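Enquirer: Using the sequences provided together with the hints, build the complete structure.
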Amino acid sequence: MSPPRTLFDKIWDRHVVVDRGDGYQLLYIDRHLMHDGSAAGFAKLRERGMKVRRPDLAFATPDHYNSTSGRTTDDIPDLQHRALVEQIRENTKAHGVTLFYLGDERQGIAHVVGPEQGITQPGVTLVCGDSHTSTHGAVGALAFGVGSSEVSHVMATQCLWQRKPKAMRVRVEGTLGPGVVAKDVILAIIARIGAAGAVGHVIEYAGSAIRGLSVEGRLTLCNMSIEAGGRAGMVAPDDTTFAYLHGRPFAPAGAAWERALAHWRTLPTDDGAAFAREVTLDAAAIEPMLTWGTSPEDAVPITGRVPDPAGAPDAAKRDAMLRSLEYMGLVPGTPLDGLAVDRVFIGSCTNSRIEDLRAAAAVARGRRATVPAWVVAGSGLVKRQAEAEGLDRVFRDAGFEWREPGCSMCVGMNGDTGLPGQRIASTSNRNFVGRQGRGVRTHLVGPAMAAAAAVTGRFTDVRRLAQ
Amino acid sequence: MDPFTTLTAVAVPLDQANVDTDQIIPARFLGRTREQQLGGMFHDLRLDAGGRPRADCALNDPAYAGARILVADRNFACGSSRENAVTVMVDNGFRAFVAPSFGDIFFNNCYQNGVLPIVLPAERVAALRALLHARPGSTITVDLARQRVVGPDGAEDAFEIDSFRKDCLLRGVDEIALTLSHEAEIAGFEARSRAERDWL
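Protein chains in written order, with this note's numbering: chain A, 1027 to 1493; chain B, 146 to 345.
Be a bit skeptical, because a hint or two may be false.
As the list claims (entries may be wrong) - Here are the simulated lysine-lysine pairs, DSS-like style, with alpha carbons at most 30 Å apart:
| id | chain 1 | residue 1 | chain 2 | residue 2 |
| --- | --- | --- | --- | --- |
| 1 | A | Lys1036 | B | Lys311 |
| 2 | B | Lys311 | A | Lys1119 |
| 3 | B | Lys311 | A | Lys1343 |
| 4 | A | Lys1190 | A | Lys1077 |
What the hints assert, rightly or not - Far from chain A, by Cβ distances over 12 Å, these chain B residues were calculated:
| id | residue |
| --- | --- |
| 5 | Leu152 |
| 6 | Val155 |
| 7 | Gln181 |
| 8 | Asp206 |
| 9 | Arg213 |
| 10 | Leu276 |
| 11 | Glu301 |
Stated by the list, open to error - Selected chain A positions facing chain B (in silico; Cβ < 8 Å):
| id | residue |
| --- | --- |
| 12 | Arg1189 |
| 13 | Val1225 |
| 14 | Gly1255 |
These are computed hints drawn from the structure, not numbers from a lab. These figures come from a predicted structure and were not determined experimentally. Ideal Cβ placement from N, Cα and C applies to all residues, glycine included.
Expert: Quick look at the structure:
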């Protein structure tokens, strides 16, 4: 009898093309997502005079450099950025890769589009030249980000040389309290294990609270695995996953669906499979979270206070905290509930799906934003769905800006940035120094917490607004 | 790719943990030519809002001019997958990084550019940074074949590296060409995959 295996083991083992015997294996890649930052990968391919080996396994959409004020290249004022967006069209056409271009309703953030289209499936290996590729593990795929050299390697060979990472399991057991969402769960996990807590590991999220999450919640969870240093994050596929995927454009249909389903049901981790590391969190103890500093590990409950560096475990951590506090313009001991914000961003591959927009709209409904607030849907289809539900009216009536899909203020590559010193409540994934513009102070929160900050002008425990 | 064998060079210390690739090259420098990115390396760490060099940043100290080795802290180059974080440092002369741990994607991107990322114990990395601060402009030697780092104090440390990565760096192997030499295995995998998972 073969030893019990993890979900990760099962996917990895199936994709080994060559085993060198020295720890390195050539891994086959089933799905490759491309975006407007993939131009460098295509350029490297062109230098060698090569074509994309399997254009049928590749899908592309511009997301990083496109404007969120309009859906044409004319809306992109920076000519170098405009050229990058145009290049994804030219490159995909030359290589026969499926493209969801500006103006196509299916265009959006690659990590929203992949699952939405059913391109991301259980049991597949998937890469993209973007660190948040970990998102796709939410449906039971092995998905990870790579740099532009490895992008071109996958284009040329459909494979990657990899050393198998270790497996780590994070269990969240019990029931989440009212107003506590997937974003709070992942921020609590990163606060617990640290920004380097999962380096060299693939995380499998398990436990009753994870089972209880929708696929959209699991996408938020897996998305930020990279913020804990994880190579990838995964959730075992289950009936929730299958119901989500059924009927999506690129998901299998008919008899193929039944064959796929039979395979997918074999994927979950076997009883007794070994993990290099296990961590367990109590779901009931998790509160709505936000970050106070400049690393995603600097996350605390909204009921908490800005921490005091005097309590740091060592001098290096104290120095890091002092630097963060100075950058963030915060004083130790200040209650976070009530801290004034200048601006709000709702969007990104972390939190721009329909459930995120519904949660934010539920708080915005009948209220009025007191600071500038943006809502950037994750894809054209999310935007259309939200409009069909009248969410755009709710946001507009509350004074929020309703914008076109893209990465936008999460990374600011397209020029969507804040001003120096601005304090931003953001549903994105990185509160790094300068991430949303030089000198901008980013606090990571979930969508309802972001909407609460918009309508009160302050970080506010969303559970109070819901009452 | 240029082979990497041994390197003796000035090393510059960077004392912060969790330095992310947004710090190494801010997003506003992406989507530009490599030449335009050159001055973007550690831009906001090096320069204040008025564009003046920060006095407390070793990267601005002329004593470290010509540095080709960076000695960093825990979780160096975490975050975004932008390979520009490696290439902008290569274009500024760097060929090796020493840290207690690295962001996984950056770590892999180094090998793709003929750059050696070296993991040493946190205490030794902190000691190396202290030695460099005490004598700015000191050199470190990296000997890949022997897997040794020789500090400014003359002390030698062994480091681990996968034999595959070591071999690729020493010989300057073209990874795509190497993979294409396995065409038969790749084609065989694809044929099996079509039979076993025909829905993909």
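Enquirer: Against each hint, give a clear statement of whether it holds in the structure.
Expert: Hint by hint, here is what the structure shows:
no., hint, in the structure
1, Lys1036(A) to Lys311(B), "29 Å, holds"
2, Lys311(B) to Lys1119(A), "38 Å, violated"
3, Lys311(B) to Lys1343(A), "33 Å, violated"
4, Lys1190(A) to Lys1077(A), "28 Å, holds"
5, Leu152, "21 Å, holds"
6, Val155, "24 Å, holds"
7, Gln181, "9 Å, violated"
8, Asp206, "19 Å, holds"
9, Arg213, "21 Å, holds"
10, Leu276, "17 Å, holds"
11, Glu301, "25 Å, holds"
12, Arg1189, "6 Å, holds"
13, Val1225, "6 Å, holds"
14, Gly1255, "6 Å, holds"
Against the hints set out earlier in the document, violations occur for numbers 2, 3 and 7.
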